[in-house]
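Student: So the chains spell out like this:
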Amino acid sequence: MLPFTLPKGMSRRHFLRHLAHRVTLAAPSLALAHSLRAQAAELSQSHRSCILLWMGGGPPTIDLWDMKPDAATGGPFKPMGTNGAGQINQQLPKLAMQMQHLSLVRSMSTREADHQRGRYYMQTGFVPSPNVQHPSYGAVIAHELASQTADLEIPPFVSVGGMSEGPGFLGMGYAPFQVDSRGRVKNLDMGVDLARQSDRARLLAVLEQRFAREDRGNAASEHAKVLEKTFLLMTSSQMEAFRVDREPEKVLQQYGDTNFGRGCLMARRLVETGVPFIEVNMGGWDLHQNCFTSLETKLPELDKAMSALVEDLVQRGLWQNTVVLWMGEFGRTPRINGNAGRDHWARSWSAVVGGGDIGGGRVVGATNEDGTRVTTESYSSEDLMATVCHAMGISLHTTFTSNNGRPMKIANGGKVIGELFG
Amino acid sequence: MRVFRVLFWLVFLLAILLDSALFSWNRCSAENTGSSATTTSTLDGLSLDPVDLINRQIRQGWQTHRIRPSRQATEGEWCRRLFLDLLGRVPTVAEFDRYLSERPAADRRRIWVDRLLGPEYREQYARNWRTIWTNVLIGRTGGTNRRDRTSRPGMMQYLEESFRANKPYDQLVHELLTATGSTSPTADDFNGATNFLVDKLEDKAVQATTKTAEIFLGLAVGCTQCHNHPFHEARQNQFWELNAFFRQARVEITRDPEDNGRIVKATLADVDFAGEASQSSADRRRKIVLEMRAGRLVDRDAAAMLAAPVFYEKRNGQLRVAYPVFVDGTSLVEKFSQKFPDRGDEYGNSGLLADVHRRRELADLVVASHFLELALVNRMWAHFFGSGFTRPVHDMGPHHPPSHPELLAKLAAATRSAGFDLKRLQRWIVLSEPYALSSRHSRSNAKDDPALGEPPRFSRFYLRQMRAEQLYESLLAATGAQQTVPAERREQLKERWLRQFSTAFGTNDQGETNIFNGSISQELMMLNGDLVKRACSLGNGGFLDQVATDRQRTPWEKINYLYRAALARQPSSHEISVCNELLQSREGDIGRSLQDIWWALLNSNEFILIH
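Protein chains in written order, with my numbering: chain V, 1 to 422; chain D, 1001 to 1611.
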């Protein structure tokens, strides 16, 4: 244990890294020896990342990716051709130009059509259970890619502009770090000098360890783990990654000065910093009323941000190492209700994937003429998750042990969507 | 399917309640003010005192599962958890000292339970339970947006008054379900109880249906509204039949056009419900034309009494009709045909207020239902033990068998028998043996932890984190800031502070998230945020300043005082020596040393966890 004096001859960064570890008495990380973070270009060679574009509320994919202009319930929009195989909504012209990089899975078929259950199922691959809290995408991927994050001082799982399902039995060390789309992280400064920060850390360590050793359950030691991560982040230069306002105005305009636009831009910055999982939330898709007038404003926002993200990642040479997944908790009814809205519909809907090893410009699966049924082999949340893991080079033979001691296959044993590869 | 579920519960309940003579479907009087509660410790029809009942049933579970319970919690641990659970804050040093000196020691705990539930702490108790139930009834984000129909202050005021008077729970529920009037305390026809339903009636009152079933009946019916749920098809009618009870309720909104459509007034009322057919999309539905005949509104084509239906859509697009039927199968049609045999078969389905007041009928059925006390006991148990008999507490039923079915049923029966007196129920629980156990486990009961996914055996006190509200109040209590800021101002500051943690998803199920859950964001707030900074301030006359400049106390006593204020315990010898080392390295700068020690105490796991 360090004494109550400021160690001499130690750089600020090294010192703070020690500080973080003294809270938990963890062994100092080997990465301590690296005084300089590798450059973004180098990182991009070895680091893999995943960006989840989460459409909270359940987007009407029949109006975006799998249009039915000839059906009575097809809605007012018209489809257009793209640089890929499928047609998409005319209101998504910029994305149409990027569709050689993205692929549509039009044969998603799930059973959870309640927001809470649907979100849990789509983000974890499991249906909710009273006995087990399953880890979500971000926690699983952060956990599996831990070896690439030794240099990472900010959390490996970041959620922008919303909140995802939690880390489940993997513990709060893999919980999403939530930031708003302007990247404002509050309370970073303790307001006392380094010597006193060090003293405080030591005092705290005495309390933390005493209590954690008393066999009261995991919550006590989980607290210490989160404390360590918090100390690390407080003084990290990597926090710059959240500062979207440091981007040139031109780039910001390209993504769109919207919550989702800034979120996508931040995702790119975080990928460059080596964060393995970023979730960007775009809410407001629960279109029970006035579905089509709402889409008039939502689609341009989506179009701008998502196309800019894809284009930017490709141009920077990050596309091969970054998997992008677009989905919500379910789709919406092909039938239009009395309020010109569409209700929850899980039986047949679309997701969009790209990047990493996933082939671009493809269309997987199909639905019938009015979009009410998948006519090809259908895919589930488990399959989608297995596909993303596979695309990121994570072994599907990975098995976790849940909190109740049961083995649990990664992605709940889903099968990879073969048409997306090779 | 529904019949089977209801049957299951009936059989389950009957089997257990046969000896308790409580199985009565008689309606509780809504005007009951609770004065009827029995005062003897043994309740009618229950052969055991409820505290003994809890002790025996829980012990039986240990024997069956061959578990040795943890040892007793220390006085400090027990006192701290009691204050946190009943008043929502840690005890002050003065209270803790007074607790420890209470004689006779054998009665100490009983005396203090009665004290915290008695007149001395009535205001704090009322404020704590108001906060808890506000979050249950309207969530943490309800009424925090200026476009919300809900008035958060209105909801809190109503609940605070209710808990101050220890209003019987059945009466509370009845009032919440039937409330009419305006939501805001500034309105002349203010009725704070309206705030439960006022934001749940949009979108065909789906949320009113879901939340009423979940909160008051412990039935998670939310998914069954969907027409596309393959295995819940049979229960879909049940959802809409319950939903039909809410359809006379209307909300009138007055907006301020000058101020971005801000809601000036929201009023909840009941109006005649003509049925859905004439007003919704209804491409395939018959148009209903209403006429007055002999002073009665009738359907012209059917020329019959107006039966006001609700329509819902099955997964295959077929329309189905629903009329008010309670979850136990009681329909208003049956009830009213017995009561008024001459008014025709459909009378109970009337949407006319003069005929059938649907919300009142619903409230009567809810307070008469055994689900009410089962759900209440399960929720209350979870509050004190960190885990209910079922998880989650609002999803009871054959698919989630309770961990202690007999205890749950008997305690529920005792609760009804005691006139739904919440303080009595709380008293039974906190005076029980399992509530007094340590959170430290032995090898024997290490697996007894709900976080491990096992059914709870309550052989130890499960660790749980303070809620944000408890942290705030605890910091105030620990630093004595309660006295310095006026109550009303304090509430405003607290509400504003709490908002940083909660976000609404903006979905139709009014889902929300709370990051005060052990996240990094929470830690940042604890380590560096204003609240803890203020609590650690050395400002003139403040808490730390008073401790630091107190000439009566030695440095050791000052450190000791801080430990008791934060953790309700004395520092260990190791902790003392570390603190002394700090003092030495600071060359006796007691103020800053105490500041850093206090900061560490407030940031420790031992402080934030209820243990």
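Hints may contain errors.
Residues from chain D that face chain V, not an exhaustive set, calculated with beta carbons under 10 Å [what the hints assert, rightly or not]:
1. Glu1102
2. Arg1103
3. Asp1107
4. Asn1135
5. Val1136
6. Leu1498
7. Gln1500
8. Gln1522
9. Glu1523
10. Asn1528
11. Asp1530
Because the hints were derived from the structure by calculation, they are not lab data. Owing to the predicted nature of the structure, the values given are computational and were not obtained by experimental measurement. Glycine included, C-beta positions come from ideal geometry on N, C-alpha and C.
Student: If a hint holds in the structure, say so; if it does not, say that too.
Tutor: Evaluation of the provided hints:
no.: 1; hint: Glu1102; verdict: 26 Å, violated
no.: 2; hint: Arg1103; verdict: 30 Å, violated
no.: 3; hint: Asp1107; verdict: 28 Å, violated
no.: 4; hint: Asn1135; verdict: 17 Å, violated
no.: 5; hint: Val1136; verdict: 16 Å, violated
no.: 6; hint: Leu1498; verdict: 15 Å, violated
no.: 7; hint: Gln1500; verdict: 8 Å, holds
no.: 8; hint: Gln1522; verdict: 8 Å, holds
no.: 9; hint: Glu1523; verdict: 4 Å, holds
no.: 10; hint: Asn1528; verdict: 4 Å, holds
no.: 11; hint: Asp1530; verdict: 8 Å, holds
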